[in-house]
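Protein chains in written order, with our numbering: chain R, 1 to 115; chain C, 116 to 229.
To be clear, the hints were calculated from the coordinates, so they are not data collected in a lab.
The structure presented is a predicted model; accordingly, all values stated were derived computationally and were not measured.
Treat the hints with caution; some may be incorrect.
[To be verified] Some but not every residue of chain C turned toward chain R, in silico, with C-beta under 7 Å:
#, residue
1, Gly125
2, Phe127
3, Gln129
4, Gly130
5, Lys131
6, Met160
7, Phe162
8, Thr216
9, Gly220
[As the list claims (entries may be wrong)] Here are the computed distance ranges between Cβ atoms for each label pair:
#, chain 1, residue 1, chain 2, residue 2, range
10, R, Val12, C, Asn173, 36 to 46 Å
11, R, Glu20, C, Asn182, 17 to 27 Å
12, C, Gly130, R, Ser38, 27 to 37 Å
13, R, Gln80, C, Asp170, 28 to 38 Å
14, C, Thr120, R, Gly59, 13 to 23 Å
15, C, Val193, R, Asn10, 30 to 40 Å
For each residue, glycine too, the CB sits at the ideal point set by N, CA and C.
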Amino acid sequence: GAGVSQSPSNKVTEKGKDVELRCDPISGHTALYWYRQSLGQGLEFLIYFQGNSAPDKSGLPSDRFSAERTGGSVSTLTIQRTQQEDSAVYLCASSLVTGQSSGYTFGSGTRLTVV
Amino acid sequence: AQKITQTQPGMFVQGKEAVTLDCTYDTSDQSYGLFWYKQPSSGEMIFLIYQGSYDEQNATEGRYSLNFQKARKSANLVISASQLGDSAMYFCAMRGGGYSTLTFGKGTMLLVSP
Numbered sequence: 001g002a003g004v005s006q007s008p009s010n011k012v013t014e015k016g017k018d019v020e021l022r023c024d025p026i027s028g029h030t031a032l033y034w035y036r037q038s039l040g041q042g043l044e045f046l047i048y049f050q051g052n053s054a055p056d057k058s059g060l061p062s063d064r065f066s067a068e069r070t071g072g073s074v075s076t077l078t079i080q081r082t083q084q085e086d087s088a089v090y091l092c093a094s095s096l097v098t099g100q101s102s103g104y105t106f107g108s109g110t111r112l113t114v115v
Numbered sequence: 116a117q118k119i120t121q122t123q124p125g126m127f128v129q130g131k132e133a134v135t136l137d138c139t140y141d142t143s144d145q146s147y148g149l150f151w152y153k154q155p156s157s158g159e160m161i162f163l164i165y166q167g168s169y170d171e172q173n174a175t176e177g178r179y180s181l182n183f184q185k186a187r188k189s190a191n192l193v194i195s196a197s198q199l200g201d202s203a204m205y206f207c208a209m210r211g212g213g214y215s216t217l218t219f220g221k222g223t224m225l226l227v228s229p
């Protein structure tokens with residue numbers, strides 16, 4: 001597609017429920033990244049995909065968080081047994097290559113609210 | 116480890132004036148890249164400008180320029196002739212030579228008055 005697409009744009013869920021967040025990167029972009037932005041905070045790195053593999057998932061905050069990418073394209077971030085501290089905007093980004101000068105193209109994010 | 120520090124939580128500027136947003140970084144890499152992103156209230160992150168550590172000249176993109184002082188490890192963003200549409204959150208970020216991910220600072224909120 002023309003840009004990075006994330007869905008849903010907003011999600012309200014009850015504490016303890018599981019949620020799935022979807023990211024559709026720009027066609028042909030091999031690198032995909034998930035970040036989390038809590039209110040008034042910077043961007044916290046979660047996981048990075050190169051193709052379908054995740055060479056760096058050091059930012060996942062707990063084992064309740066997992067992510068996968070299939071076909072070198074769409075990625076899904078899953079949060080199990082959601083907690084109130086999971087409330088944040090989850091941003092996905094993609095890039096064509098992973099060279100030093102390659103910036104990201106971001107999606108508009110999914111705003112997750114856990115009540 | 117890499118670290119980005121943005122010491123200004125908020126900045127206020129009169130329209131048409133220039134404004135400088137501060138960014139300092141810490142890395143042991145010799146080769147790295149520095150980025151600035153803008154995040155308006157809509158939430159999307161917009162790439163503004165890039166500076167490579169070996170670039171001899173400061174990067175410029177329209178009204179944006181990056182004041183790169185390598186010895187001081189600073190990469191300040193200068194916005195000339197500010198406009199109302201510049202009101203947004205601004206993030207400084209870096210990528211080291213051995214890393215594939217960007218490390219972001221906490222951001223600076225810029226408000227431009229008419």
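Cβ distance range 17 to 27 Å for Glu20 (chain R) and Asn182 (chain C), holds or violated: violated (43 Å)
Supplied contact hint for Met160 (chain C), tested at 7 Å Cβ to chain R: holds (4 Å)
Hinted contact Gly220 (chain C) with chain R - closest CB pair below 7 Å: holds (6 Å)
Status of the given 27 to 37 Å range, CB of Ser38 (chain R) versus CB of Gly130 (chain C): holds (31 Å)
CB-CB spacing for Asp170 (chain C) and Gln80 (chain R) relative to the 28 to 38 Å hint: violated (44 Å)
Residue hint Gly130 (chain C), partner chain R, criterion CB-CB below 7 Å: violated (25 Å)
Evaluation of the interface hint that places Gln129 (chain C) against chain R, nearest CB under 7 Å: Hint violated; Gln129 (chain C) Cβ to chain R Cβ min 25 Å, cut 7 Å.
Residue hint Phe127 (chain C), partner chain R, criterion CB-CB below 7 Å: violated (17 Å)
Chain R contact restraint on Gly125 (chain C) - CB to CB distance below 7 Å: violated (11 Å)
Status of the given 36 to 46 Å range, CB of Asn173 (chain C) versus CB of Val12 (chain R): holds (45 Å)
Pairwise beta carbon distance, Val193 (chain C) to Asn10 (chain R), judged against the given window 30 to 40 Å: Roughly 35 Å apart at Cβ, these two residues keep to the hinted range, so it holds.
Pairwise beta carbon distance, Thr120 (chain C) to Gly59 (chain R), judged against the given window 13 to 23 Å: Since the Cβ atoms of Thr120 (chain C) and Gly59 (chain R) sit about 19 Å apart, the hinted range of 13 to 23 Å holds.
Hints 1, 2, 3, 4, 5, 11, 13 from the list above are not met by this structure, while the remaining hints are.
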